[in-house]
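Chains G and V, in that order, give the protein sequences. Take the first sequence: its letter number 65 is residue 65 in our numbering, and every next letter is one higher. Just so we're on the same page, our numbering is the position in the second sequence counted from 1, plus 216.
Read the hints as simulated data drawn from the structure, not as lab findings. Heads up, some of the hints might be wrong.
Label pairs and their calculated CB-CB ranges [claimed, not checked]:
hint, chain 1, residue 1, chain 2, residue 2, range
1, V, Ser408, G, Arg186, 53 to 63 Å
2, V, Asp270, G, Lys45, 49 to 59 Å
3, V, Gly607, G, Arg7, 18 to 28 Å
4, G, Gly12, V, Glu369, 39 to 49 Å
5, G, Pro23, V, Leu530, 45 to 55 Å
6, V, Arg520, G, Pro23, 32 to 42 Å
7, G, Ala100, V, Leu604, 37 to 47 Å
In this text, all values refer to a predicted model and were calculated from it rather than measured experimentally. Yeah, the Cβ is synthetic: ideal placement off N, Cα and C, and Gly gets one too.
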Amino acid sequence: MDAAHQRANLRGDLQIVANMVEPGSRLLDVGCGDGALLDYLIHEKGVDGRGVELSMQGVNACVSHGLSVIQGDADTDLDDYPDGAFDYVVLSQTLQATRAPRDVLGNMLRIGRRAIVSFPNFGHWRVRVSLMFGGRMPVTNALPHHWFDSPNIHSCTIKDFIQLCAEMGIGIERSVALNHRGARRRIRSNVALANLAGEQAVFLLARAVPGENESI
Amino acid sequence: MTAPPDQSAATLANGPGSGTSTRLGLTEPLRLDCGVEFSDFPVAYQTYGQLNADKSNAVLICHALSLDQYVGNTHPDTGKPGWWEMVVGPGKLLDSNRYFIICVNILGGCMGTIGPKEINPDTGKPWGLEFPVITVADMVRAQALLLDHLEIEQLFCVIGGSLGGMQVLEWAALYPERVRTAVPIAAAPYHSAQNIAFHEVGRQAIMADPDWRGGNYLTEGTNPNRGLAIARMVAHITYLSEPALHNKFGRRLQDRDAVSFGFDADFQVESYLRHQGSTFVDRFDANSYLYITRAMDYFDLAERYGGVLAEAFLGSETRFCVISFTSDWLYPTSESRRIVHALNAAAANVSFAEIESDKGHDAFLLEEPEFWSVLAGFLDGARENFGLDFGNGA
Numbered sequence: 001m002d003a004a005h006q007r008a009n010l011r012g013d014l015q016i017v018a019n020m021v022e023p024g025s026r027l028l029d030v031g032c033g034d035g036a037l038l039d040y041l042i043h044e045k046g047v048d049g050r051g052v053e054l055s056m057q058g059v060n061a062c063v064s065h066g067l068s069v070i071q072g073d074a075d076t077d078l079d080d081y082p083d084g085a086f087d088y089v090v091l092s093q094t095l096q097a098t099r100a101p102r103d104v105l106g107n108m109l110r111i112g113r114r115a116i117v118s119f120p121n122f123g124h125w126r127v128r129v130s131l132m133f134g135g136r137m138p139v140t141n142a143l144p145h146h147w148f149d150s151p152n153i154h155s156c157t158i159k160d161f162i163q164l165c166a167e168m169g170i171g172i173e174r175s176v177a178l179n180h181r182g183a184r185r186r187i188r189s190n191v192a193l194a195n196l197a198g199e200q201a202v203f204l205l206a207r208a209v210p211g212e213n214e215s216i
Numbered sequence: 217m218t219a220p221p222d223q224s225a226a227t228l229a230n231g232p233g234s235g236t237s238t239r240l241g242l243t244e245p246l247r248l249d250c251g252v253e254f255s256d257f258p259v260a261y262q263t264y265g266q267l268n269a270d271k272s273n274a275v276l277i278c279h280a281l282s283l284d285q286y287v288g289n290t291h292p293d294t295g296k297p298g299w300w301e302m303v304v305g306p307g308k309l310l311d312s313n314r315y316f317i318i319c320v321n322i323l324g325g326c327m328g329t330i331g332p333k334e335i336n337p338d339t340g341k342p343w344g345l346e347f348p349v350i351t352v353a354d355m356v357r358a359q360a361l362l363l364d365h366l367e368i369e370q371l372f373c374v375i376g377g378s379l380g381g382m383q384v385l386e387w388a389a390l391y392p393e394r395v396r397t398a399v400p401i402a403a404a405p406y407h408s409a410q411n412i413a414f415h416e417v418g419r420q421a422i423m424a425d426p427d428w429r430g431g432n433y434l435t436e437g438t439n440p441n442r443g444l445a446i447a448r449m450v451a452h453i454t455y456l457s458e459p460a461l462h463n464k465f466g467r468r469l470q471d472r473d474a475v476s477f478g479f480d481a482d483f484q485v486e487s488y489l490r491h492q493g494s495t496f497v498d499r500f501d502a503n504s505y506l507y508i509t510r511a512m513d514y515f516d517l518a519e520r521y522g523g524v525l526a527e528a529f530l531g532s533e534t535r536f537c538v539i540s541f542t543s544d545w546l547y548p549t550s551e552s553r554r555i556v557h558a559l560n561a562a563a564a565n566v567s568f569a570e571i572e573s574d575k576g577h578d579a580f581l582l583e584e585p586e587f588w589s590v591l592a593g594f595l596d597g598a599r600e601n602f603g604l605d606f607g608n609g610a
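Can you make the complete structure from the sequences, with help from the hints?
What follows is the structure, given as structure tokens:
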């Protein structure tokens, strides 16, 4: 891995996540994959970063590159961490593959002061078109799997996610949608449009503080 | 950091594979968990490489049950390569051009450090069963005394597999400020009932040998070779895996075309185990085997901390790298995961990798490129994080 090259070419949604992180903070990246985001944050933003990754290959690649990563799973391995251990807990492109997304979100905001969640938007127009006119489960860039081999057992739309945050009393500090070309749009400026045009969504969440939540 | 190297450190740094012995507990005795105190006792160790000026490049390798301090050079008794010579030496993963590597014969051992075969100064005879029962923590406290003697305040890394991994965990718990990185490999936070059970079979085999003589074989001029060999045979099975045994031996016969309808070593696996047993007795002391297995059985790190393992690591600034192997059923991945969970609960900095291998527990001693690449990456990352540069090893 050419680390410098990789840092300069961080995937679009990961770059948005990275932009939401304050320099020098403590961060846990859940589902950190090959560690590209962690590597970027540690070297470019001086973050004290740790990772959790399900696949053995991913973990071993991360540790081989000097990252502090453990083999584990968002559903079962967040329980151990003490309250408030991190400034941020990141979950990129993984929420929809967890068994209990609600519990995972709750745990993230227990162990972190803030959480950053990105997921493929099931409300994206291509998904809707595929179901409405094709009559088939969608296979798109953001959702590349067939129904029978998809790890995504809890897909949601941007609206669904906002609804869940409201129910759980989670504050949304920032929210960004990316279309299929990677163009960004603030979700709160027009939720319905973001939910249609956004292929991916990234949310910066905070523990609920009454009266301080951004209203959408 | 402390002052530049003194004379004792300088005399040690005389090239790769220096073997030496020193006497510790001179000013203050070593207090064992059982209450006994050792003062003025011998500790034997090997060093590789040179301690740097600010004494920041020391690496302590903790050895396993049946191994010793000859980690990176030829064993003086067996003539075999050091037990981790593939990893330790100039230009290797644990590069002696870069690190000052120390490996200490553990307390209770039989290669120069005080143990049951050494002479008890009170009686002038070998200690035998009068040697006090020791613990893994005692082994680590003795090593800490050696570091004091070498005037090394802090270790860049403490690393070891199996019993060595248990020592690493004790190091991190007892002396967190002296340990920058800790690498427990194929280890566990306590000895399980199954672990204890296998050890008990080994001990009973030794004690059932009439030549053991109640532990006094050294003074009576015998040696419990059969008992110790059986103990080694049982233990050796636990270090391998079913696939490893199958691949290596299957049901193949030893130097014959058909079974003998007798109890000779018909099968290759029998012949192999007999060989393992018979070579072990030439280099290992039976009473040492009893004492060290006992220390392992007594190991339960959480016990001192009210049963909460995480308490052992609370506030630790050590960077941990926990490594396990898929086919290790003696100290399985689930035990390493227990360590990782406790470290997470203590908000410690931890990496954890499980390495795919069919070689069983012994995998940590064998050629496992993925294991080595994980280990090398972890050490590189730690050096970078601590801003340490020990040179490029050239």
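Status of the hints after comparison with the structure:
{"no.": "1", "hint": "V:Ser408 with G:Arg186: 53 to 63 Å", "result": "holds, 55 Å"}
{"no.": "2", "hint": "V:Asp270 with G:Lys45: 49 to 59 Å", "result": "violated, 29 Å"}
{"no.": "3", "hint": "V:Gly607 with G:Arg7: 18 to 28 Å", "result": "holds, 26 Å"}
{"no.": "4", "hint": "G:Gly12 with V:Glu369: 39 to 49 Å", "result": "holds, 47 Å"}
{"no.": "5", "hint": "G:Pro23 with V:Leu530: 45 to 55 Å", "result": "violated, 27 Å"}
{"no.": "6", "hint": "V:Arg520 with G:Pro23: 32 to 42 Å", "result": "holds, 39 Å"}
{"no.": "7", "hint": "G:Ala100 with V:Leu604: 37 to 47 Å", "result": "holds, 42 Å"}
The structure fails to meet hints 2 and 5 from the earlier list, while all remaining hints are met.
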